[in-house]
Amino acid sequence: MNSRYATWLLMLPGLLWLGLLLVVPCLLVFALIFFERGIYGGIDWQAPTFENVTRAFDPLYLAIFLDSGIIAGIATLIALLVGYPAAYAIAKSPASRQTALLFLAILPFWTNYLIRTYAWIVLLNPVGLINSLLMGLGLRSQPLALLYNKPAVVLGLVYSYTPFVILAIYSALQRLDPSYGEASRDLGASAFQTFLRITLPLTAPGVAAGGVFVFVLSIGNFVTPDLLGGGKFQMVGNLIYDQFLSARDWPFGAALSALLIGLMMLLLFAQAIASLRARGDHARA
Amino acid sequence: MRALNCWLIAVYGFLYLPIAVLMVLSFNRTGMPTAWGGFSLEWYGKLVENPKIIGAAWNSLVVAVWATAISSVLGTLLALGVERSRPSASREALLFAPMIVPDIVLAIALLSFFTLIKFTLGLRSIVMAHVVFNLAFVCAVVRARLKSYDWSLNEASRDLGATAFTTFFRITLPLIGPSVLAGALLAFTLSIDEFIIAYFTAGAGQSSTTLPMQIYAMIRFGVTPEINAMATVVMGVSFVMLFAAQRLNKGRLPGA
Amino acid sequence: MKFKPLLSLAAAALMFTAGWSPAFAEKLVISNWDGYMPKDMAEKFKAATGIDLEIAVHATNEEIMGKVTASGGEGYDVLFVSSPFAEALNNLGLLAPIDHAKIPNLANLYPEANELKHDPGNAFSVPYTWGTTGLCYRSDLVKSAPTSWNDLLTPADDLKGKITMLSTDRWLMAAGFLADGLSVNTTDQADLDKVRDQLISAKRNLLAYDDTTFYSKLVSGEALMVQAWDGWCNYGITDQPQIKYVIPKEGSDLWADTMVITKASKNPEAAAKFIDFVLNADNGKWVVENIMYKSPNKAGMEAVDKSLFEKYPNMAITPAELLKYEQLRDLGNGMKAFSKTVSEVMAAK
Numbered sequence: 001m002n003s004r005y006a007t008w009l010l011m012l013p014g015l016l017w018l019g020l021l022l023v024v025p026c027l028l029v030f031a032l033i034f035f036e037r038g039i040y041g042g043i044d045w046q047a048p049t050f051e052n053v054t055r056a057f058d059p060l061y062l063a064i065f066l067d068s069g070i071i072a073g074i075a076t077l078i079a080l081l082v083g084y085p086a087a088y089a090i091a092k093s094p095a096s097r098q099t100a101l102l103f104l105a106i107l108p109f110w111t112n113y114l115i116r117t118y119a120w121i122v123l124l125n126p127v128g129l130i131n132s133l134l135m136g137l138g139l140r141s142q143p144l145a146l147l148y149n150k151p152a153v154v155l156g157l158v159y160s161y162t163p164f165v166i167l168a169i170y171s172a173l174q175r176l177d178p179s180y181g182e183a184s185r186d187l188g189a190s191a192f193q194t195f196l197r198i199t200l201p202l203t204a205p206g207v208a209a210g211g212v213f214v215f216v217l218s219i220g221n222f223v224t225p226d227l228l229g230g231g232k233f234q235m236v237g238n239l240i241y242d243q244f245l246s247a248r249d250w251p252f253g254a255a256l257s258a259l260l261i262g263l264m265m266l267l268l269f270a271q272a273i274a275s276l277r278a279r280g281d282h283a284r285a
Numbered sequence: 001m002r003a004l005n006c007w008l009i010a011v012y013g014f015l016y017l018p019i020a021v022l023m024v025l026s027f028n029r030t031g032m033p034t035a036w037g038g039f040s041l042e043w044y045g046k047l048v049e050n051p052k053i054i055g056a057a058w059n060s061l062v063v064a065v066w067a068t069a070i071s072s073v074l075g076t077l078l079a080l081g082v083e084r085s086r087p088s089a090s091r092e093a094l095l096f097a098p099m100i101v102p103d104i105v106l107a108i109a110l111l112s113f114f115t116l117i118k119f120t121l122g123l124r125s126i127v128m129a130h131v132v133f134n135l136a137f138v139c140a141v142v143r144a145r146l147k148s149y150d151w152s153l154n155e156a157s158r159d160l161g162a163t164a165f166t167t168f169f170r171i172t173l174p175l176i177g178p179s180v181l182a183g184a185l186l187a188f189t190l191s192i193d194e195f196i197i198a199y200f201t202a203g204a205g206q207s208s209t210t211l212p213m214q215i216y217a218m219i220r221f222g223v224t225p226e227i228n229a230m231a232t233v234v235m236g237v238s239f240v241m242l243f244a245a246q247r248l249n250k251g252r253l254p255g256a
Numbered sequence: 001m002k003f004k005p006l007l008s009l010a011a012a013a014l015m016f017t018a019g020w021s022p023a024f025a026e027k028l029v030i031s032n033w034d035g036y037m038p039k040d041m042a043e044k045f046k047a048a049t050g051i052d053l054e055i056a057v058h059a060t061n062e063e064i065m066g067k068v069t070a071s072g073g074e075g076y077d078v079l080f081v082s083s084p085f086a087e088a089l090n091n092l093g094l095l096a097p098i099d100h101a102k103i104p105n106l107a108n109l110y111p112e113a114n115e116l117k118h119d120p121g122n123a124f125s126v127p128y129t130w131g132t133t134g135l136c137y138r139s140d141l142v143k144s145a146p147t148s149w150n151d152l153l154t155p156a157d158d159l160k161g162k163i164t165m166l167s168t169d170r171w172l173m174a175a176g177f178l179a180d181g182l183s184v185n186t187t188d189q190a191d192l193d194k195v196r197d198q199l200i201s202a203k204r205n206l207l208a209y210d211d212t213t214f215y216s217k218l219v220s221g222e223a224l225m226v227q228a229w230d231g232w233c234n235y236g237i238t239d240q241p242q243i244k245y246v247i248p249k250e251g252s253d254l255w256a257d258t259m260v261i262t263k264a265s266k267n268p269e270a271a272a273k274f275i276d277f278v279l280n281a282d283n284g285k286w287v288v289e290n291i292m293y294k295s296p297n298k299a300g301m302e303a304v305d306k307s308l309f310e311k312y313p314n315m316a317i318t319p320a321e322l323l324k325y326e327q328l329r330d331l332g333n334g335m336k337a338f339s340k341t342v343s344e345v346m347a348a349k
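Protein chains in written order, with this note's numbering: chain A, 1 to 285; chain B, 1 to 256; chain C, 1 to 349.
Next comes chain A alone, as it looks inside the complex (with noise of 0.2 Å):
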């Protein structure tokens, strides 16, 4: 059989999947960027125009664009550090205690998301189960502000997406040829040197994975700025669903969609010529 065939016969049903389901919809709702919001929030057929794609380049939206970056950003860096020793040590396990930590790495998750959000809301407000034990301890007069604040929101984007980074991490680290790491240590190398030369490189698929999930899950998100954020932050999963729901600006919507869709594109692309190009810097040496 003509093995590009076979490729192409493999991807086929996911891609069609994709397009019918994805593509095609997805360019119902796009195609509304060129026309205006109808008065009552329906679609205003009779007047093309471009003014939502000038609109989404405001600054305040850009801003907005920016802050949430920074946030989904910082969430990612946290779970990448949390997630990768932990896949490390799930891989470094005995085998047959391996599937049983992953499920509970992710076990739960399967309760819902609102409810853990409220369960930490629990723990963190100024009447709360850790604020209530440091001043019972005596260790603190006063509350900590440890709700309603950026690093509430970090906090829940990480807890939320640790476990996505460990199961991505392990998929990579899993079957790691441990002969390489024997070998890299026969040579000389300190551990630290054959995780650095060795393990980390092979894993880099796996850590880019999972640091693509956070990034795209935090920033999307719109349930923690409000709950643990006190509604004080907008994520642009907030903005876009605003002007989609309570706007009823769907061709905004829309724009702002495309143009987080664009940047993340853009992101993506940088990101895969960075890597080619080091991957080649590395073949050359």
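None of these hints come from the bench; they were simulated from the model. Here a beta-carbon is modelled for each residue, glycine too, at the ideal position from N, C-alpha and C. Treat each hint with caution, since some may be false.
[Stated by the list, open to error] Below, computed lysine-lysine pairings styled on BS3-like, alpha-carbon distance capped at 27 Å:
1. C:Lys336 / C:Lys285
2. C:Lys298 / B:Lys52
3. C:Lys46 / B:Lys46
4. A:Lys150 / C:Lys349
5. C:Lys44 / B:Lys46
6. B:Lys52 / C:Lys285
[Said to hold, decoys possible] A few chain B residues facing chain C, derived, Cβ under 7 Å:
7. Asn28
8. Thr30
9. Ile108
10. Leu116
11. Phe200
12. Ala204
13. Gly205
14. Tyr216
15. Ala217
16. Met218
Please build the complex by placing chains B and C on the supplied structure of chain A, with the hints as guidance.
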């Protein structure tokens, strides 16, 4: 190694901290997070009497199982195909898109599309919608594993006369099995708790109401303790099943 | 339905296939907030009329509005939505007219319930509950009782960081409009800018924006004063009798939650019967006693035990008094400027 295991335990502690809180609250007589009113099973009684929550939980399970099964198969095939073919920027974009298209856009787009083609809404349409984003996540996880996959194994197998099917089931799948499992777990987790896309692609009425839809509606007046009880039941059942599976399989993965 | 979590995948498959068959055409489907009607409504309605009732739930006006706009309302017969949303749905041509001849219980309503500005004469919507938006506070913990919207926007020192405002955009902005003596439906740019600046400076003294759990923040003492719908303040009063509600001297908005019939409804006759059933005195009484909202249903309000009005004084606000306040209306083309202003407030540090 020791430090690593301590870290793992600490991470689990972090992941289970809020779960412990809501479990304790589900046994609190007052149902209020502020005061402990004594141990009580009252909220579990309320839960059993609430067919809406239980029906919705069942619907969520059905949706998540189907969406996970379909997206695991399609996503794995997709990953295998993509990693073996020439890089294509437009295909990369298509595979990235489901992760970054805002939920509300996909929700409105699919509802408009289903309405346009007069497709009857129900659990089936929710599954179709969930597969769209799950597919991309499964594909990304499996691809992360395939980057370090030694394709010469497949060639060796073929040279020895094995068919493509035999090679897949005897060589490839056992090797990438754990990442398919990781992808499936991710898909299941995303699907069972997804709200906005499910809300828009569900039919009108209880028959296609999922648990997140029910909970978002109930939570308008704050968390009701029955929902904590439901979460505790979900955790309990999952633990029992995990323990049983671990006992039965001795932790062996398919083919491992 | 029985829940057997250990059932195999095969059973899931069966359920899934069973779910494929379309719903029965004879059934009446309504969408309402959870807990906003008696739990046994479907049984009682079936007993009274023989019609099957299926109840779907929505969490917010915005969600059901989005869904109905995208799908044309297919599948739903009766919706419960707040008045500005009813108005917008009607303007989009998605609602059927209310046939008064088929709903005799409309006679149970106060005459004032016919004079709501979004729909005078109840042509496309029937009011279900109504009330005001004001300040809800801990009378035992604040130094002086609030009397003005400015007590919320520029709070006394002891209240700083212990205040919440509603996060739903229209009510959030209304606090500023009312403080300045403006219409709650203002879309004039200069006025929007002025209110924006006030709300941004108010934001620095806020604990949070909250439109779901603000009353429990009062009960726990996390917050001392919150912008609140009157009925929700009553939930706080139930748990903590020192909580009080006040309509600031500059006034309030008049909010109304309404029932509407979709144009897509295949059974408008049954839909009218349902609305008629909801308007009977028993159901009106249930709303007041359980939701603790005021009802435009005169027969229902009069059936309620008067002690309730003493415990929850805002329940005694009369329909005539309510009608003095301005309703939130659909903003039409003004929505763009309005929503940009809200984004500016939200993005401000």
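Verification of the supplied hints:
{"no.": "1", "hint": "C:Lys336 / C:Lys285", "result": "violated, 40 Å"}
{"no.": "2", "hint": "C:Lys298 / B:Lys52", "result": "violated, 32 Å"}
{"no.": "3", "hint": "C:Lys46 / B:Lys46", "result": "holds, 24 Å"}
{"no.": "4", "hint": "A:Lys150 / C:Lys349", "result": "holds, 11 Å"}
{"no.": "5", "hint": "C:Lys44 / B:Lys46", "result": "holds, 21 Å"}
{"no.": "6", "hint": "B:Lys52 / C:Lys285", "result": "holds, 25 Å"}
{"no.": "7", "hint": "Asn28", "result": "violated, 14 Å"}
{"no.": "8", "hint": "Thr30", "result": "violated, 10 Å"}
{"no.": "9", "hint": "Ile108", "result": "holds, 5 Å"}
{"no.": "10", "hint": "Leu116", "result": "violated, 10 Å"}
{"no.": "11", "hint": "Phe200", "result": "holds, 6 Å"}
{"no.": "12", "hint": "Ala204", "result": "holds, 3 Å"}
{"no.": "13", "hint": "Gly205", "result": "holds, 4 Å"}
{"no.": "14", "hint": "Tyr216", "result": "holds, 4 Å"}
{"no.": "15", "hint": "Ala217", "result": "holds, 4 Å"}
{"no.": "16", "hint": "Met218", "result": "holds, 5 Å"}
When each numbered hint is compared with the structure, violations occur for hints 1, 2, 7, 8, 10.
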